[in-house]
Amino acid sequence: EPEVTQTPSHQVTQMGQEVILRCVPISNHLYFYWYRQILGQKVEFLVSFYNNEISEKSEIFDDQFSVERPDGSNFTLKIRSTKLEDSAMYFCASSLRQGAVTEAFFGQGTRLTVV
Amino acid sequence: GEDVEQSLFLSVREGDSSVINCTYTDSSSTYLYWYKQEPGAGLQLLTYIFSNMDMKQDQRLTVLLNKKDKHLSLRITDTQTGDSAIYFCAESPYGGSQGNLIFGKGTKLSVKP
Chain E
1 EPEVTQTPSH QVTQMGQEVI LRCVPISNHL YFYWYRQILG QKVEFLVSFY NNEISEKSEI
61 FDDQFSVERP DGSNFTLKIR STKLEDSAMY FCASSLRQGA VTEAFFGQGT RLTVV
Chain X
1001 GEDVEQSLFL SVREGDSSVI NCTYTDSSST YLYWYKQEPG AGLQLLTYIF SNMDMKQDQR
1061 LTVLLNKKDK HLSLRITDTQ TGDSAIYFCA ESPYGGSQGN LIFGKGTKLS VKP
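Here the protein sequences line up with chains E and X, keeping their order.
In this text, residue positions in the first sequence follow my numbering: the first is 1, and each later residue adds one.
In this text, residue positions in the second sequence follow my numbering: the first is 1001, and each later residue adds one.
Quick caveat, the hints were computed from the structure, so don't treat them as lab data.
Treat the hints with care, since some could be wrong.
Quick partial rundown of chain E residues pointing at chain X, CB under 7 Å, derived from the structure [said to hold, decoys possible]:
| # | residue |
| --- | --- |
| 1 | 42 |
| 2 | 45 |
| 3 | 48 |
| 4 | 56 |
| 5 | 106 |
| 6 | 109 |
Even glycine gets a Cβ: it sits at the ideal position worked out from N, Cα and C.
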């Protein structure tokens, strides 16, 4: 069964460093998403991406964040200068369509720890 | 703004039925979703219900929607130890015109043998 895969599963980084979280969405999907879950908190929407551009982003997704689909298969989330409060589980998701119903398939997540 | 609330914990005995409840605020949500997260795994879409439906049944899963009270529930019959996981309720705001989902905090279901 096709699945969304994320690497690494766990990333530890020092405050102020840049990190890139990687995702390989399901191959025929067209819409891509990043969500995050701070420990004990809700899963929060960060950004959606379609046709090589951001289609929607939340207030969390500020100038520190960027997304890219560099090669047609990977979908990356970059955090330029990490802060302690960026520590969270980051989930990538993809869907074939969007709108009427969004059947989003999620990856297993990358746990980011900023020290 | 939009919000989704769930109780955090539920414990049941194997073979019993589990009912996980959720309330949401966005009356324009077209679809409501239930996701399951097993330890170390991603969010798995279990089922969803269209807002003009009251009930949807899929094998051991029954989703009930009370649109007037903005209350959604997931019933699992004959709960098994393999059902132990965190269950997230989610809505798609703005009538589903955008793909982002609003999630609850998740209900941790523990199934005791």
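Hint check results:
1. 42: holds, 5 Å
2. 45: At 4 Å from the nearest chain X Cβ, residue 45 of chain E passes the 7 Å test, so the hint holds.
3. 48: holds, 5 Å
4. 56: holds, 5 Å
5. 106: holds, 4 Å
6. 109: holds, 6 Å
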